[in-house]
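If you read the sequences in order, they're chains R and X.
Under our numbering, the first residue of the first sequence carries the number 1, and numbering increases by one thereafter.
Under our numbering, the first residue of the second sequence carries the number 1, and numbering increases by one thereafter.
What the hints contain is simulated information worked out from the structure, not anything from laboratory work.
Misleading hints may appear alongside valid ones.
Claimed, not checked - Computed cross-link-like contacts, DSSO-like style, restricted to lysine-lysine with a CA-CA straight-line distance of at most 27 Å:
1) K95/R / K317/R
2) K339/R / K366/X
3) K339/R / K347/X
4) K229/R / K317/X
5) K317/X / K347/R
6) K88/X / K366/R
7) K152/X / K249/X
8) K270/R / K249/X
9) K361/X / K347/X
10) K347/R / K317/R
Given next are the chains, with one letter for each unit.
Protein chains: 2
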Amino acid sequence: MSTFDEHHHIENDPSYKGLKVNKGVESVPTVNPDAAKRFLKKKKPRLAIDDYVKGILDGNVTVLSQAVTMVESSKPDHQEIAQQIIEKCLPYAGKSIRLGITGVPGAGKSTFIESMGMHIIRNGGKLAVLAIDPSSERSKGSILGDKTRMEKLSGESNAYIRPSPSAGSLGGVARKTRETIILCEAAGFDTIFIETVGVGQSETAVHSMVDFFLLLMLAGAGDELQGIKRGIMEMADAITINKADGSNKERANLAQAEYRSALHLFPPTKSGWTPEVKTCSSLYHEGIAEIWDMVQEYVELTKNNNYFEANRRSQAKYWMYESINEQLRNHFYQREEIKSGLELNEKLVLNDEKSSFMAAKDLLDKYFKNIK
Amino acid sequence: MSTFDEHHHIENDPSYKGLKVNKGVESVPTVNPDAAKRFLKKKKPRLAIDDYVKGILDGNVTVLSQAVTMVESSKPDHQEIAQQIIEKCLPYAGKSIRLGITGVPGAGKSTFIESMGMHIIRNGGKLAVLAIDPSSERSKGSILGDKTRMEKLSGESNAYIRPSPSAGSLGGVARKTRETIILCEAAGFDTIFIETVGVGQSETAVHSMVDFFLLLMLAGAGDELQGIKRGIMEMADAITINKADGSNKERANLAQAEYRSALHLFPPTKSGWTPEVKTCSSLYHEGIAEIWDMVQEYVELTKNNNYFEANRRSQAKYWMYESINEQLRNHFYQREEIKSGLELNEKLVLNDEKSSFMAAKDLLDKYFKNIK
């Protein structure tokens with residue numbers, strides 16, 4: 001204050017040649033009003049819903065990414081924006097081939113996706129690569145976060161690579177991925193890959209959102225199979241023995257023959273398609289074109305016998321019911337009265353002191369008495 | 001009235017030698033009070049809870065059947081009695097081998113069960129045969145209702161055959177069967193068969209309540225497989241090619257070899273058991289003893305590596321959560337506000353006019369606003 005007064009005093013001196021300092025106002029605003037205005041504007045979405053939609057329909061990948069970020073956000077206002085975008089994109093979605101790709105770590109999924117992806121792009125396709133990996137602790141980034149995994153593909157303007165949504169419940173991650181498919185399709189991507197690691201619960205989720213499900217394997221069925229979950233083989237529309245190159249080629253052919261004879265014992269699929277076994281070398285780009293041709297054949301067959309469309313519709317229905325069931329469960333298990341009783345009831349059940357159904361009933365009684 | 005008065009009059013005549021008729025009371029009760037008492041008593045359970053439990057523990061099959069009827073009843077008071085009986089039987093249950101048997105109609109399940117069952121009984125075992133067949137319209141009676149199907153077995157005092165509970169939701173039928181297992185075990189049955197038709201949704205349910213899951217097949221993998229659901233083969237602890245007799249024997253051996261090489265490509269089971277493929281002729285009782293020996297081997301292996309007990313515990317837990325989830329769903333879908341909105345939302349989803357998740361959200365919002 002003394003300094004101010006000093007200046008003030010000096011200023012009034014006619015001989016003063018220094019900077020003119022205006023008299024201060026009584027209450028100085030603590031925040032610059034212009035900056036505040038700009039700041040508040042930034043908190044709002046940078047784009048209006050229609051701008052998002054237009055950007056997506058124009059194939060603008062930056063806008064697409066921003067919309068996907070909204071889809072993945074857990075904030076309610078972001079979610080509302082996301083739902084509005086999705087709603088407006090829905091009529092433009094659906095016109096793609098959705099391919100699920102699974103296999104244990106080490107089966108060579110990234111190299112396969114890169115090789116197959118480049119093949120598709122060279123043939124004029126537009127490819128989006130998504131992933132479901134709810135268990136990943138390497139998020140935000142997940143299994144696909146490391147862009148160096150698909151160096152060539154990530155440099156292509158007709159490829160869009162998006163890592164798995166951050167770790168969360170499988171239901172949540174699956175929902176986000178399924179909504180991202182819609183946005184990618186509306187943005188003009190005609191091929192969607194959804195990658196997953198074939199060791200957890202996510203294969204059923206992926207299987208329920210794709211047209212074709214491909215299981216990537218290695219030759220020498222034995223140790224390599226240790227990780228694969230039982231039941232996945234019977235979901236596959238095709239098994240591909242990867243790394244069929246060099247000294248491994250013979251073993252791959254043998255494995256192919258074995259899997260072929262195994263698959264013919266399986267019950268027929270609902271699609272009318274007979275699951276095939278192929279070999280390929282993603283590293284040397286051998287057999288890749290044949291696999292893509294096979295997928296095209298599948299699409300042609302199932303579009304002709306109407307399974308393709310019927311399956312899409314039943315998937316949409318499945319996700320509606322699945323989403324309802326998941327949220328009913330979430331609501332239940334998050335209630336305080338349930339949290340407090342769950343552990344004890346589980347313990348009683350495990351010790352054969354209470355029947356599973358009585359334990360369930362006791363918990364449900366607590367829950368339902370709060371419903372009008 | 002005139003007749004009565006007449007008699008009355010006559011009676012007072014000293015010369016009257018006929019039957020003496022007492023003077024009537026003013027208000028004749030319309031129901032005999034003694035009969036009413038007996039009738040009301042009949043409406044109550046004939047046995048007290050402890051009588052049920054004692055009867056079951058004594059191995060009284062009549063009492064067991066009455067208790068199972070309570071389990072299967074949908075009346076709330078019967079359900080309460082059932083739960084109390086189960087609770088008291090739980091400490092005595094669990095000491096059996098639970099075997100799931102599935103296969104398409106025509107695979108010869110009844111003949112197999114009869115042949116295997118007689119083998120078990122001849123070796124001193126006590127066998128209960130239950131079934132899960134929620135789809136059956138032939139109830140009450142279901143696939144096992146026709147006792148002639150297992151003529152020999154049903155005449156044995158150490159065999160207890162109980163048809164599938166009447167048609168209802170799979171969850172409901174599964175619950176009833178699982179509770180019936182407990183009662184049968186408490187009654188001293190050391191082997192429980194649970195039969196199901198391998199074409200529906202019930203195999204997963206059966207698989208989740210048994211120690212060993214056996215898939216019954218026929219030779220000539222082709223047409224016979226049409227009915228089997230995909231995914232069942234990977235659940236099986238053993239595949240048995242039935243009807244391996246006469247001119248069919250060679251084909252059965254061929255099928256056995258094929259399935260063996262197919263199964264070795266499957267991922268290993270959690271139990272440490274390698275699924276086997278056997279042949280048998282239920283009609284000529286060939287190969288039956290070998291299959292039973294295999295089941296014993298499995299039990300020995302898994303009791304030694306603790307999988308047996310761990311699996312039982314995880315099944316009990318599974319059923320607690322499954323029961324909760326089922327009843328949450330039932331409650332939701334039975335609400336008026338949901339019933340009225342469900343069809344429209346499903347239609348919008350199927351026509352790509354609304355996203356699966358938005359439809360789910362709109363329905364859930366209606367539901368949750370009624371919860372305190």
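Worksheet entry | Structure-inconsistent hints, enumerated in ascending order | Hint check: 3, 8 and 10 fail, others pass.
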